[in-house]
Structure formats: structure tokens, C-alpha cells
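Protein chains in written order, with the numbering used here: chain V, 71 to 405; chain W, 6 to 298; chain Z, 7 to 242.
Treat the hints as calculated values from the structure; they're not laboratory data. Hints may be right or wrong, so weigh each one.
[Claimed, not checked] Derived DSBU-like pairs: lysine-lysine, alpha-carbon spacing no greater than 35 Å straight-line: (1) V:K196 / W:K128; (2) Z:K60 / Z:K192; (3) Z:K192 / Z:K178; (4) W:K128 / V:K349.
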Amino acid sequence: MSRRALVGLLVLLALAALLPFLLSNYRVFQLTLVLVYAIALLGLNMLTGYNGQVSLGHGAFYAIGAYCAAILMDRWGVPYWATLPVAGAVCLVAGFLFGLPALRLEGLYLALATFALGVSLPQLLKYNHLEEWTGGVQGIVIIKPEAPFGLPVNADQWLYFFTLAVTIAMFVVGRNLLHGRIGRAMVAIRDNPVAAQAMGVNTALYKSLTFGVSAMYTGVAGALGAIAVQFVAPDSFNIFLSLTLLIGIVVGGLASISGAVFGAFFIQFVPNIADAISKAAPWAIFGVFLIVFVYLMPGGIAGAVQMASAKLMRKSSQSETGGAKQPVTPKEVVP
Amino acid sequence: MTRGTMEALMHQVLAGLATGGIYASLALALVMIYQATHLVNFAQGEMAMFCTYIAWSFLNAGFGYLPAFLLTVAFGFVLGVVIERVVIRPVERAPVLSVVVVFIGLLVILNSLAGWIYTYTIKPFPSPFPEALANPLMSPHELGSILVTLVVLTLLFLFFRFTPLGLAMRAAAQNPESSRLVGIRVGWMLALGWGLASAIGAVAGMMIAPVVYLDPNMMGGILLYAFAAALLGGIDSPGGAVFGGFLVGVLENVLGAFVIGNELKLAVALVLIIGVLVVRPSGLFGRVHVSRV
Amino acid sequence: MALLDVKGLHASYGATRVLHGLDFSLDEGSITTLLGANGAGKTTTLRALCAMVKTAGDIRFGGEPIGARATEDIVRMGIAHVPDGRGTFANLTTEENLRLGAYTRKDRQAVEADLERMYGYFPRLRERRAQQAGTLSGGEQQMLAVSRALMLRPRLLLLDEPSFGLAPLVVKELFGILRTVNEKEKVSMLLVEQNAAMALDLADRAYLLETGRVVLSGSSRDIQGDDAVRRSYLGY
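With the sequences and hints as input, model every part of the structure.
What follows is the structure, given as C-alpha cells:
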């Protein structure tokens, strides 16, 4: 990453660290959710943006992570921070297992199968034989953790910082993954699976692993989300959650790490603004944005930012190369 | 098996055929679009739902059932044509993700438009079938639905088999290049196909609404069953889609009543879909595709 | 007047230019043949006439420029194309294939009469009228393709390698019917062929193409009679 980009990032992080002390608790809660979504979107983006496997059912992994956290905390009193690795591991396995039969499904068929997963999940969660675990239709309520060691921050602020730390960690790991050999292999599989295979990439293994890792990220996000919202219930995890995540990566920018952050802001705040107009408005706006972005801005916000900053770079006479906020992604952004 | 169980089974099978007819209609609509474009219309359910709300508007405005029905079918047809020409045509050759995203956008816009205009309060929707159709085995609506489905399917079959336009549409779907060489305007055939598929969806929506009540989210589960039916029958086989629809309807009812209970019905659809895709992607009657490298 | 007049025809597949300024013409009522080796651009020429590839240049049919029109409109002007590979609608029946040939026509009675005429030319098609066209043999599919094109009652028939993959006797039979159709129904024909001998027997005029250019032209009798040309250009 260029010096300029690194400085920019540090400024952003400093800002992020200061914000909870400047804003109301509710806003802090909203920003926590932005971070949660960012992790989930990074997960989905790995699978769909970088690896080309379209998933319309990632809400299911979010839900699994959320329910893991809720069940562990509520039934077994597991501390909140310990639920994250468990949620991650469960989703890693679940994702990998789902990815195995999905290997045989291309493009539209995979979209169809994941769509079916997303639509049928709430019913599974409401199933009365599992009610003992899942709390059935009413779901499970969990208690927000207090700041440890008597630190001078309130519960919302603490959760924000905790989430921020997790987000940074997961983004760093994700970035190294995606910018290295593995990321290049994923993109190669997306763009030309046969050629990738011919060059010795074990396509099947990579695709299943990508599914697993992608599910893991989304699952961890789900767990954090559950802790923040303090509540899980089947109807919060319907197909619209999966579609929300899809919108997040399309608008934010496919095959882009910063896109996950842009997308997260979009899906968290647009509904709030649009709700003022009408209950139906957020989704109408989402739908329009989806179609408009496919036609006009296939690179999403991240792509637009990249293009804009590239233009600025050309205008300034400096010889320093590299992108502005985020490093250039391995392959041209292609929807 | 006791007489009582026999009758109960009979009733479930017949009720299953009634809903199966609706799945068959939607599955047929999906297959029609898939055959012509190799695209799965994820928005099929919402298009049908939206048309059903239009029907509700006509009924609310004082129209009789039959005029409202016919006007809605016409509206559905036009809706399909417009969507194909305006929204889908630009992305027909685009990469998979772009196409899926556009379909999802359409799905979501139609869903929220319905919610916006008509609110999310559940509304009852009338069944046009008179009590005269009542019999010990099925409700008037179940019998009526089956009859309507059969009429629609028969009309479609006759249209495609025996009219020049139907022939041209089949040709355009199978072999667009050769179709151009005989003067068929392939683009308009596609639009017509979408129009017909949408009109079929409108009929399906009007048949199911009295049972599940009119609500913007009413078609989600039903669309899932239609997908399962289309895949089971063979995504490029119209006959297979129809067969699949009736089969799925009967399975849903019989399994739901006697085996797994009503709560996991959608999960059954999910398992069916994944099962077919993994074990035999071409379905019962479809063609096996070998993609050349 | 020439029925078809082509000047400076360029055509490309994507970025690759295949035709480099072809000039040729075809008189009403004649059979003209385009000869050349594989890759000479013969098929591309026919496709260019039907707007199936990107073209530049001047193409006039019956005096009207057709370069900017869509395939479906060119068909309606009376040009029928029997494509490379026959273009059969494999999942439709033989009769459905034939009826599609007449899709743009409005004269129902005449269409039925033409259908009977096609069955007259090719009795084997009548036997297989209700059969799926994809199950017909190569020769039968070729006859079907030609008949389908003739169902349009075209002024100009474009034929792309009709002899391909057919036994010599079958080719002779087919070409005999083409000669009859040309004489009795005044259908002009542009025939693309690799089999130069048979093509020259059928045609009145010939053009030889090499890498997208015309290198030789003349009446087929002249070309057949010129040993040097035959040996060096046509290989026999």
C-alpha cells in the first residue's frame, strides 16, 4: 500500500476510534452495525465478487452465526467474545459442506439453489422440533455485554470498539488472502475455470474453501450482529436479508475490499432515510439502485472512487503511483 | 388402509392437484422464458403477485370478476412485454451476476411497489367459483382452479402447436439464427414469450390468492415450489414442467399431511431443488447438456 | 440489370477482417457460383449479404441498397439463405420446418400449393413430414434446407456448400432439382461451393475467391475450358 494510502487509512481509523465519544448511543449502535455488515459483505464479496459464485442465500450463514451466538450465550452462558470463534467455525464447516454439491452448479443454478436456501430458512428456524434450541417464532433474547475491567466506556461504546477490533483483524486477514496467491487463484477460477484448472489450480478445492471462508466471515458478522441487536428471531433472517447483502456488494463494489465498507454504509443508512417516505420505499430504492448500478456503475461505489482518484492522480503532477484509498485489486472489477 | 385414510389421502391428492396446477402454470412460465433465453426469471412470482393486486383494484373499482380477470390477464401480458424490452433486453448477453442482479432488482421493485401502493395489510381475494361446484372430494375453489389451469394449459398447447405465431415462437426459442433467416423477428418473439409467461403468472396469482390471501410476500414460497417443479420436470421441457408442477403439488400435500407436518414444507422444496440439481440437473424430461470447452 | 450488385464489400468478425473489398454481380435468372478454398471468405460473403456479420461497402438488390437492413427485412425482400450446416430446426417436424420457410408470406392457398410442390421435388420429405427434422439423414436435411428456402418464393437463393458431406449421387440429384427450379421458376441463385467441378457444371458464371478477394471471374464454360486456370486454381 502506498504511503499516502496508509496515512489515509490511519486517519480514518483514528476518526473511527473517536466517533463513539462524539455521537449518541443510538448512532454508535448504528455504526456498530455498519461494521458488522462490512464483515458480512467482505465474506459475500469473496465468494461472489472474487470467485464468481453467485449466492442469493448468504443470509442463511448470517443467521447460523447469529443463532450460534444467541444459543451459546443464552442456554450455556458462554461469554460473548467466545461465541465468535464458534460461530466462525460452524459456518466455515457449513459453508464448505454447502459448497461441495454447489461445485456442480454453475451461475444461474447456483443462484437458484442459494435463493431456495434463503427463502426456506425462516421456516426451518421456526420448526417446532427445534424450538427448544431456537426459541421458535419468538426467538431468543440476549443481554448486551458490559465493558470489561471497568473501562470508562458504556456498553454500546464497548461493543463498538470490540466490533471495530474484530473488523480490522478480519479485514487485514482478508486483504492478505485476496491480494496473494489464493486471491489470484480465486479470480482465475471466476474468469476462466477451465484455464485455471489447466494451469494446476485445484478448482474444486478452492471453490469449496472459498464458500467456507465466505460463510465464516458472514457467520462471525451474524454473531456480532446478534450481540449488538440483543435479539434473534426467524423472521429477521428471511430472503430479504440475503438480498440486502447482495445489494451491499453490488452498490459497494464487487471484487473490492473497500467496497464492503461503502456497501455497509449504504445498506445501514439508506433504509433509515427512506423509511421516512414510506415503509416500502427502502426496497424500491434498493431495487432501482441495483438496476442502475448494473447498467451504469458496474464497479460500484468503490469502482467510481477508484476512477475518480485515478483522474485526480493524473491531474496532479506527482509521480507517486498507486490507488488513493485502497490498493488496486488483482483484476479489473467486473460485475 | 382403512376407508377413512383412503378418503383422507384422496382429498390430499386432489387438493395437491389443485395447488399443483398453480405450480404447473408458474413452472411453465419459467420454462418458457428459460427455453428462449436460458435465463431463470427470479421475478416471476412478484410479477404474478403484482398482477393479482391489479385484479384486486379492478374488483374494488366495481368491475365484475370476469372483466377484471380478463383485464388483468391483458395487463400481465403487457407488463411482461414491457419488462423484456426495457429491462431485460440490455442484459440478455451480460455476465451471470449482472443478469441475476437485474432480476433481483425487478423482484424487489415489484414487491415494494405493491407494498407502497396497497400497503402490507393482508387482503382477502374472492374466488369466482360458485357453490354449485361443491362435491365431497374437493372445495369449489380447488375444482375450479384445476379446471382453469387445464384450460390455460390446453389453450397454450393449441397455440404453440397449431398456430403460425406459436410455431415462430418455438422456432425463435430453439434456433434464433435460423429463425432470422426465415424472416422471424426474434426480438419480438422473446417479448411475446415474456408477455405470455407473465399473463400465465397473473392467472396463477388470481387462483392462489383466495387460498393464501393477498399480500406482497405471498408468492415467495410458491415460486420456490415452481422452481422445484420446473427443475424436477426439466428446465427446458414444458411438458416436464407441467408434470413436475402437479407432482410437487401432490407431494407437498401428502408429505405435509402424513409425513413431515406442515411446517417444513419449504425445506422440502429446498431439498428437492438441490437434490435435482446435484443428482440429475436435466430433470425427468429435460435434455442433458454437455458443455464443450 | 443485375439482380445483385456488390461493390467494395468488406466484412469482419469482431476485429478480424475477412473480406477485403469484394466486387461481384449476379444477373436475374442466372446461377452464379463463388469458389475457393477453406477460409477464402465464401461463407462470410453469403452471411454479409444477409447482414449476419459486420459489413461495409455497397450491396444492391434489385437496385435497392440493403447493407443497412436487418436480416429479417432482407428476407422479406426475397433473399433466401440456405446456411452452412443447414440450420435445420432439429426439434420441429419436417413439415413445420417447411412452413416456417413461408412465415413471411400472406397467401395461404399458394403456400399450401408450394408445400405440395416441395414434396414433389423431394418425395423423401413427404414420407418424413411428421418426423423430427433432427432425425433426418444429412442428405434429407439438405433437401429440407433447400425446400425451406424455396418456400419463401425467393427471387434470390443463397446456397452455402450444399454438397457438403453428401454422396455424389445425392449431390447430382440435388443440383438437378436446383437447375429445374432455376429454369422453371426463374429463381436466381448464388452458390458457394468447394466442389468446383459440380458447381461449374451447374452455374452460368463463376467467381474465385482467395483470402477475401476476387482473383478470377468469368463464365463457367470459359473457366472449365481453360486447362491452366483449372489446374492452378481449381486443382483439377
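- Message: If you test the structure against every hint from before, which numbers come out violated?
- Response: none
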